[in-house]
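J.: The primary structure of each chain is shown beneath.
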Amino acid sequence: MKNKTSCLPQEAGARPSRCPDNSAFKQQRLPAWKPQLTIATVLSSFFLTGAFCLSVGICLILSANSIREFQINYSDKCSECSKLRENTSNWNKECHCSVNFTLKEDMLGDVFMYYGLQNFYQNHRRYVISRSDAQLLGQNVNIEKSYCAPFTTYQNGTPMAPCGAIANSMFNDTIDLFYNLNSSVVQVPLLKTGNSWWTDKNVKFRNPKSDNLSSAFAGTARPPYWQKPVYLLDEEDERNNGYVNDDFIIWMRVSAFATFRNLYRRVERVKQFVNGLPAGNYTFHISYNFPVTKFKGRKHVILSTVVWSGGSNPFLGIAYVVTGTAATLMGFVITAIHLKLRKKKTYFQK
Amino acid sequence: MALSVDSALYRWQRRGDERPSQTLSESTPLLFSGRNKPKLNLNKWRIVFPNNGRQQKDWKQASTFYSGNRMQTTKYTWFTFLPQNLFEQFHRLGNLYFLFLVVLNWFPQVEVFHREITMLPLIVMLLTSMIKDAIEDYRKHRFDKTINFSKTRVYDKEEHAYVEKCWKDVRVGDFVQLQCNETIPADILLLYSSDQNGVCHLETANLDGETNLKQRRVVLGFSSQNALFEPEFFQNTIVCEMPNNDLNKFKGYMEQPNHERIGFNIESLLLRGCTIRNTEAATGIVIYAGHETKAMLNNNGPRYKRSKIERRMNMDIFLCVGLLFVMCLVGAVGHGIWTGNFSEHPPYDIPDENGNFLSPALAGFYMFLTMIILLQILIPISLYVSIELVKLGQVFLIHNDIDLYDEEADLPIQCRALNITEDLGQIQYIFSDKTGTLTENKMVFRRCTVDGIEFSHQENARRLETHKELDLDDEEFSKLQHFTLPPMNTETSATLKQRTMRPLRRCQSARAHFQGHTRNRSLGRRDSNQSQVAFSSTLEKDVAPDSRLLRRVREAALQTENLSPFIHMKTSPSLTDFFLALAICNTVLVSTATEPRQRVTVPPPIKPSGITLDKIHQIFQRLKLASLSQSFSSSQSSSDLGASFSAKNTEEHLAALDCCDNDDNCCTSSRSYELQGKGSTDIGGASLDEVFKSVTNSSLPTDFCYEAESPDEAALVYAAQAYSFTLVSRTPEQVTVRLPQGTLLTFDILYTLGFDSVRKRMSVVVRHPLSKEIVVYTKGADSVIMDLLEDSAKDDISAEKRMKRIKEKTQKHLDYYARDGLRTLCIAKKVLNEDDFLKWANFRREAEAAIDNREELLMETAQHLETKLTLLGATGIEDRLQDGVPDTITALREAGIQIWVLTGDKQETAVNIAYSCKLLKQGDTVFTINTESKETCESLLNLTLEEVRKNYEVEKSQKKFFGIIPTSCSVSEAPSPEFGLVIDGRTLNIIFQGGLEEKFLALTQHCRSVLCCRSTPLQKSMVVKLVRSQLKVMTLSIGDGANDVSMIQAADVGVGISGQEGMQAVMASDFAITRFKHLKKLLLVHGHWCYARLAKMVIYFFYKNVTYVNLLFWYQFFCGFSGSTMIDYWQMIFFNLFFTSMPPLLFGVLDRDVSAETLLGLPELYKNGQNSEIYKLSTFIITMLDAFYQSLICFFVPYLTYKDSDIGVFSFGNPINSISLLTILLHQALEMKTWTLLHVVTMMGSVAFYFIFSLIYNATCVLCNPPTNPYWIMERQLSDPIFYLLCLITPVIALLPRFFIFALQGTFGASLILKAQQLDKLPKEEQNLEIQKLRSGKQTTSGAPVASPASNDDLEQNISHLSVSPFLHPAAAAVSHGHTGSQGLSASEVNPLRKQTLEEGYYFFNRWAEEESTATDLSAGPFSGQYSLVPSRATPSGQDSGKLTKGNVNRGSHRRSVSAVTL
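If you're matching them up, the sequences are chains H and F in order. Numbering follows this note's numbering, with no gaps: position 330 of the first sequence is 330. Numbering follows this note's numbering, with no gaps: position 686 of the second sequence is 686.
Among the hints, a few may not be true.
Claimed, not checked - Partner residues are not named here, just some residues of chain H that face chain F (Cβ under 10 angstroms, in silico):
1) C19
2) F47
3) L60
4) S66
5) I72
6) N73
7) K294
8) I334
Said to hold, decoys possible - Negatives, chain H to chain F, calculated, CB over 10 angstroms:
9) D21
10) E105
11) D133
12) N140
13) N180
14) L181
15) P189
16) V203
17) K228
18) S255
19) Q272
20) F284
21) R298
What the hints assert, rightly or not - Label-pair ranges, simulated between beta-carbon atoms:
22) F/L1255 to H/V322: 42 to 50 angstroms
23) H/T335 to F/L1230: 14 to 22 angstroms
24) H/L339 to F/I1252: 42 to 50 angstroms
Honestly, the hints are just simulated from the structure, not real lab data. Computed from a prediction, not measured in an experiment: that's the story for all the values here. Just so you know, even glycine gets a beta-carbon here, dropped at the ideal spot from N, CA and C.
One chain only, chain H, in its complex shape:
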C-alpha cells in the first residue's frame, strides 16, 4: 500500500492546506494490542480458570461445611397460637408457646439467632416504598407527602409514628432461648443490640430530639398493628428504644426475597456459652404475636454460626467447582480438536 508520509507543503501565501493531519489517531494507526485467540492463549486461559475456580470452590465448600446451623419452624409447632392470630380481633390476646429441641453437636464460635419468614413479600413494590426515612431520622416532617399511605394518619389526623406499611407490619414475636442442663433451666444470654448496621443505628435512624422519648413522640400514635407505641419498644435500654431499636432497624431494612431471615439476637459468650452453644436440649419460649397463616407464611427460628465466606449456603462453592470443572473440560475438548485437526493439516497455522 502506498504510504504517503506527509503532504507536500503548499506554496507560500496560499491558503492552508486541507490535507488531513498525518497523526496516528486520525490515520487510525494508533499502536494497538490485538489480542488473538491462539491455541496457547485459549488453552492456558481455560486451564488456568479451571484450576483457579476449582481451588477456590473447594475452599468455599470446606468452609461452608464447618458451619453449624439449626432451624425450626415454630409457626407449625405453635399451631394454636397461629390459629388464634388468624382472627384479627384477637390482636391483643397474648399467646405463648414453647418449642423444645436438641442440639446434637456443639455450636462453636459466635452463634446467631435469626427469625425466618417464609412467603412474606417484603420486596413488594408498594411495600418497599411505604416508609418515611425523614421521619425515621427524627426530623419533623409532614408524612402526608411521603409514600406511607395509607399508614400515615388515623382518621382523626393523628400521625403514625413510625408511618408506613413496613413499620406497621413489624415482626413482633419475642423469642427466648433456654438451655436445659440436667433438669435445671438456664436462660441463654442473648444480645439484642449490635445486630444492626452501625450506619443504620447511628446515621439513618434517630429519635426526635426531646427530653425523653415519650414526649418526643407526643402527638403521634403507634401504627395500627402495633401493640405498644414506638417509645416502648425496649423499655430497659434507652439507647435501643424508639426508632433506634435494633429489631425495628433490622425490620426496616427490607429483605430481598419472600423467604428471608433477619438477625434477632446473638448469643452472649459468657459462662458456659463462652465457646458457643454446647450440645444438649434447649427450649424456645415464644411470645407469638405475628400472624402468618393468612398469607400461608411460615415462621422459623434459626441458630447459626458464621464463617468468613458467609452463611451456611454452599452454593458459591458449588458454583466455583462446577465452573472450574467446565472450564477444564472445555480446555480438554479444544485440545482434542486441535490435535486432531493439526494432523489433518487443513488447519490454518501461522
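With chain H held as given, fit chain F onto it using these hints.
T.: Positioned in the frame of chain H, the structure of chain F alone reads:
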C-alpha cells in the same frame, strides 16, 4: 469539523416553503388598469418596475408583493424557539416514547420510579437537541447578519446617484452598480457593462463550483449601451417568469414605453452569490431578491438517508417491542395470579390511600403499565443517540484519511451524508459513470483524420506511452524505434514543456482559490512534484504534432500566404479549414499566463512576421525533399497497424495531389519520395522546425491559457495550437487566430449556436476576413454530423465521388477511433451566401425575442442552419483512464461487487474503456443487445439467458465431476467463459416499457459486468432503481457530472467525483471523492470497518440493554410481579448513561478487526459486510439468547448465593449491578479486536467510575433518594468477601460459552476474517506472502484460471494489442463493415420508406481468446451451433446502429455542456 461543504450556498437554507404570495389578485388595480397591456397572469409572470421615481406608485405597490433582500435562514426567533423546537422534537418517535413513559409514571398506580427520574432521559434528550439547534440557528443568524449587512451600491432616486446600502435594503426594481470582484446581492438583470461589448464575466463557483468564467451580456438590443447608463431615464417595465430554481433557464422581456418588447434570457441574468470578474463595473436592475433568488431556491440542504443497518435495526426494535410486550404480559398475568392467590390481604399487600384493594385483573392491568416503565430500556432509544455519535466519529476519521486526500486539488474526501457510513461496507452493485469517473476527463488530442487521411500522431502517442509507463508491446516498440523520428519532435516536446511549465505555474498561483471546491482544470494546474501528475497536467496542453500533418500544414500555409489575399478561400486545402475550425468553433476563453483572468480581447499590435516570406519560402524549398521522406516513414509505421491501411497509399497520393494543385514542385517531390524511401531527415526536420519556431516566437507570446466549458474543446484548441493555428483572442463579436505563417486573422462572429445534448453539435457563423464569405463551422458527434452532410456535390461527378470516398474513409477512421476508446468529433463547414444568411438571421432574431417556446424555436433555427455541411475531418480525443482504475475495479470485483457502467457514450467507446479498465476480460463472451422492438428484445433476452444458463449447467456438472478429483487436475479445464452484457439506451427503454425487467435482471445476474451505453440520465437512474428494488441489493452510484445526479440520488450510496464537471454531482452525493481509485480504500477499508464497527456496536447495544433489563425482569418472579427493583434508580440510570456508554462508543469509532493493509490485500474480506454477516437476524437472535443467558447468570448466581439469608433488597441489587457491569464490559472486551491505550483507559475508567461514583453516592446519600435509600451499601459490600467472590465467578460463568465458541471458531479457523486477523500478526513480508497464497488458493479452488498472474497479464497485453488494431479483428471488422453499410444507406435516407425497416441487432463480440477456448472445450458444443445464427443477423444490426441516435430520445448523454441538462 469540516464535514459539510462549507460553501456559503449551503448555509442559505431555504426558509420553509415560503413562496411569494400567490394571491396577487387579478383585481390589483395597478397592474391592469390604466395601461392597456394584455392581461398577464400573475401566477405565471412577475412584473418589475424600476425604482427610479418614474413609476413610483407602481413600484411601491408591486414591491410589497415581492420579498425583500433580507436573508433569514434561521428557523426560530427568540420567542418562538422554545415552543417551536419542542414541537419539532416531539415529532420524533423516541421522544414520544419517553413522553409516554413520563406521563405513565405520573399515575400512582403504576409508578415505578420517581417522577423526576423518569423525566431525566427525556429532558436530557430534549436539552441536547435543543442546545444543538440553538447553536446551529445562532450561527445561521450570525451568517445572515453579515450577509444582510454587507454593502452594495444602489441607485437612490432622491439623490440621483448610487449610494451605499446594505444588502437587506435592496428591493426588487432597484438599480445596483457592481464593481469588479464584487459579490452579487440579488438576481439582477444586466443592463450595462463597462465592457465595450456589453459583456460581463461571472464566476459561479459559489453556485455550482465551476470555476471557469461565464459570460453574461447586457440585454440584447437595449439601447443605452455606449453611453453611460442612467437609471433615471430607464422607463421600461420588465416582465419575467416567477421565481424558480432552474439555474439555467430564465426568460422574459422588457417593455419599452412604446410597447416594443426586448427579450432576454439567462444570458443577461446575474445570479446572487456569484462574483463579477474581469469587468470594471456592471449595472442592473434587481429582478428577484432574498429568498426568491435562484441560488436560494436551489438550496435544499442535506438529505437524510437511512442505512441498511438502521433499517435492519428498526426491525429488530420491533422485535424488542414484541419482547417487551411479552415480558409485560408475563408480569401482568403473574401479578394477577399472585394477587388472586390470597384469600385475605397480607400485610405487605398495601391498599391504596382509601384502604381499598384492587381486583386481581385490574392489578394485573396496572402491572402491565408498570412493567413498561420498568423495562423501558429494552427499547434502546439510547442506541439512536449512540449511533449518531459513532457515525460522527467514523465520518471524522474517513474525512481525515490521508490516502483519500488529493494533493492536486487539495481536497480530502467529503462526507456529506453523516448517517450512512456503514452502507459503504455492504455495497453489492456499483453503477459507474464512465467519463470523468473511470477516465480523467482530461482530454488529450490523439488522432485526427482530414480529408479521409488518417494522421495517427505516433509521436504524441509515443510521448504519452512513455509517460504511462506501460509495457509497450515489444514488437511495436522496436518498430517504432526502428522508424525513429527525427530528434526534432522529442526536442520540441521537451522545449515546449519547458516553455509551458513556467507560465503555467504562475497561472495557477495567481488563481483565486475558492472555498469548497477548487478544481483541477483542463488548463493544467501543477503544484506537485510528482512527475506523473506534472505530466498529466501538461498533457492536454502540448500535443506533439504529427510530423506528416505538420509538414502539410506548413506547406498549405505557405501557399496561402504566398497567394493570399488574392486567391479565393475555397481553393485553400481543407487542412487549413480544419484547423481554423478547431480554433474557432468553440466557446473557449483566452487569457494569458501573465495576466490571468484577463481575457485577451484585442490582439496586440504586431507586425505579421519577423521573417520575410521570401526567406521562409527559400528555406522551405531547401528542405522539402528531406521532410517529405520523413513523412513517409511515419505513415509507414502507422499503416502497420492495420491491414486495411494498405489502401492508404493511394489515398496519400490523392491527398498529395490535392495539395499540389498549386505547386508543381511539391508533386514532383511527393513522387520522388516513393522512390527514395527512407532517408536521413534529421537535419531537415530540425531546421524546418527552427524556422517555424522563430516565426511563431518572434510574433507573440505563446503562453495562452484557455478556459473551456468542456475539456475536449480545450484539447482541440491546443491541438490547433500545436499546428500553429493559435487562438489569440476571443470576444463575443470577434475571434482572432494566428496562422502558422504568423498572420493574424480576425473573424467576425455573427452567431454562435451553442452546444446542446439534443443537437449534439455546436456551430459558429463567422465572416472570413479575407474572402468576406460567411462560413459556418460545425463540430459535433459523428452520428449527427454524418447525416447532415451535403448529399451530393452538384458540380461534377469526380468531386462527388471523392467526397463520398472521403466520407467513407472518415467513417471508417471514426469507427476505429471509437473502438480505440477515443471520443470522436466531426468537423464540418458550410459556406453561406449573403441572402441565405440574412434570411436565416431574421429568423434567428425572431426566435431570440420569442418568449413562449423559445427553446424550441432556437433549436429549430439552429437545425435549419446546420445542413448540407461539407466534411472537413474528424478528431479522436483520448479520455485517459484515471490512475489505478483497472486495479480498483479488479479489487472491487474480487470483493464480490458487481460493477455496471452506465454511460451516455458510444457503444464502441464504452466497450473499449471497459476492456482497458479490466471490467471485461479478453476471454469473456460479450452479449450485445441493440433492438427497437419489444418482441425481438424479449426473444433475444430469452435466447441469451438460455445460453448463459446452459453454460452454467455445464460448468456445474464439470465442477461436480472434478469435485472428486483433486483440484490440480482441473487445470485442463478451459477457463469458464464469463459473460458481459452491452446494452444501449433504446433497448433499455424497451425493457422498461415492455415489462422485460425480470428477464433482463436474470440475465445480468449471470453477467460479470453490464454496460449501458447511450443512456440518458433518466435511464441511468431507472436502471439503478430497478436493480435496487428488484434485487434488493445495496447499490452505489458514482459519477461526476450533472447527468449522473439522478443516478447518484437513486442509489443507496451516492458518490460524487469532484472533477472537471462542476459540483452538481458532488452536491447530490453522499460522499465526494476526487479520484475513482479512492473508492477502493473507501469501500474495502472504511466501508468494512464502518460496517463491522457499527454492526457490532448495534448488536452489543441490544445485548447490553436486554441483559440489564432482564435482571429486573427476573426479579419480578421473586417479588410477586410487583414491579420492584433491587437496584437503586440513580445507579440504574447512570448505568446506561455513563458506566457502560463510553466503551461501545469508542469501539464503534476505533475498532479495527483487520488492518487496512490486509483489507486492501484481500478484497474478499469485503464479502463479510456484503452478506451482512455480522448483523443479521440469526446473529440478533443468538445475541438475544446470549443476553438472556448472561442475565440469568448475573441474576441467579447472586440469588442462589444470597438465598435464605438476611440480605436486603438493595444490598442484593448492588452486587448484581456490579456483576452485570463487569460482565457487560468484559463482553465488550471480548468483542474488541484492537486495544489501544484509549480503549484500556476507557474500559478501566468505566469500572473505576462506577465504583467511585457508587462509593461516594452511597456514602453521602442518607435521604436523597428516599424510599430506596442506598446508604452505605457499597461500602459494606466492599468489605464482604462474598461480593468479591461473586464478582469473580459470575462474569466467568456468563462469558464462558461465548469464549468457548470463539475459541472453537479460532481452532477450526473457518472464517476468512479470522485468518486475516492472524495475518495481521505476521511480519510484513510473510504477510504479503500469505496473502498471495490465500488469494491463489482461492483461485484454484474456485476453478478460475490458474495461470500465474504475471503470465496472465502478458497474455492480456497481447490480446489487447491485437484487439486494438481493428482491422485484424474479424468481429470488429464485421461491425465496422456494418457501420459503413449503414452509412451508405443513411446517406440515401431521404427515402421515407426505409424508416420502418429497422430490425433487431444481435451480435457477439467474438473474442480471440474465446475462440481458443471453444476450440479446446468440448462441452461448449452448443455454443458453436449458436454462432452460425449470429452472422446472419449481423447485417441488420449494422443498419440500425447507424440509426442509433436518430431522434431526440438521447438527452444529455453528451458530457459537454453540463448546463444544458436539467434534472
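J.: Against each hint, give a clear statement of whether it holds in the structure.
T.: For each hint, the structure was consulted:
1. C19: holds (5 angstroms)
2. F47: At about 12 angstroms, which exceeds the 10 angstroms cut-off, the nearest Cβ of chain F leaves the hint on H/F47 violated.
3. L60: This interface hint holds because 7 angstroms falls under the 10 angstroms limit.
4. S66: violated (15 angstroms)
5. I72: Where the cut-off is 10 angstroms and the nearest Cβ of chain F is about 14 angstroms from H/I72, the hint is violated.
6. N73: Violated, about 13 angstroms.
7. K294: Holds - the Cβ of H/K294 comes within 10 angstroms of chain F, reaching about 4 angstroms at its closest.
8. I334: Because about 6 angstroms separates H/I334 from the closest Cβ in chain F, which is inside the 10 angstroms limit, the hint holds.
9. D21: It is violated; H/D21 is separated from chain F by about 7 angstroms at its closest Cβ, not greater than 10 angstroms.
10. E105: Its Cβ never comes within 10 angstroms of chain F, the nearest being 21 angstroms, so this holds.
11. D133: violated (5 angstroms)
12. N140: holds (14 angstroms)
13. N180: At about 28 angstroms from chain F, H/N180 clears the 10 angstroms cut-off, so the statement holds.
14. L181: holds (30 angstroms)
15. P189: Fine: 22 angstroms to the nearest Cβ keeps H/P189 off the interface.
16. V203: violated (6 angstroms)
17. K228: Non-interface label stands for H/K228: nearest chain F Cβ at 18 angstroms, farther than 10 angstroms.
18. S255: The claim breaks: H/S255 does not keep its Cβ more than 10 angstroms from every Cβ of chain F (closest is about 6 angstroms).
19. Q272: holds (27 angstroms)
20. F284: holds (19 angstroms)
21. R298: holds (12 angstroms)
22. F/L1255 to H/V322: 42 to 50 angstroms: Between F/L1255 and H/V322, where Cβ atoms are some 32 angstroms apart, the hint is violated.
23. H/T335 to F/L1230: 14 to 22 angstroms: holds (21 angstroms)
24. H/L339 to F/I1252: 42 to 50 angstroms: holds (47 angstroms)
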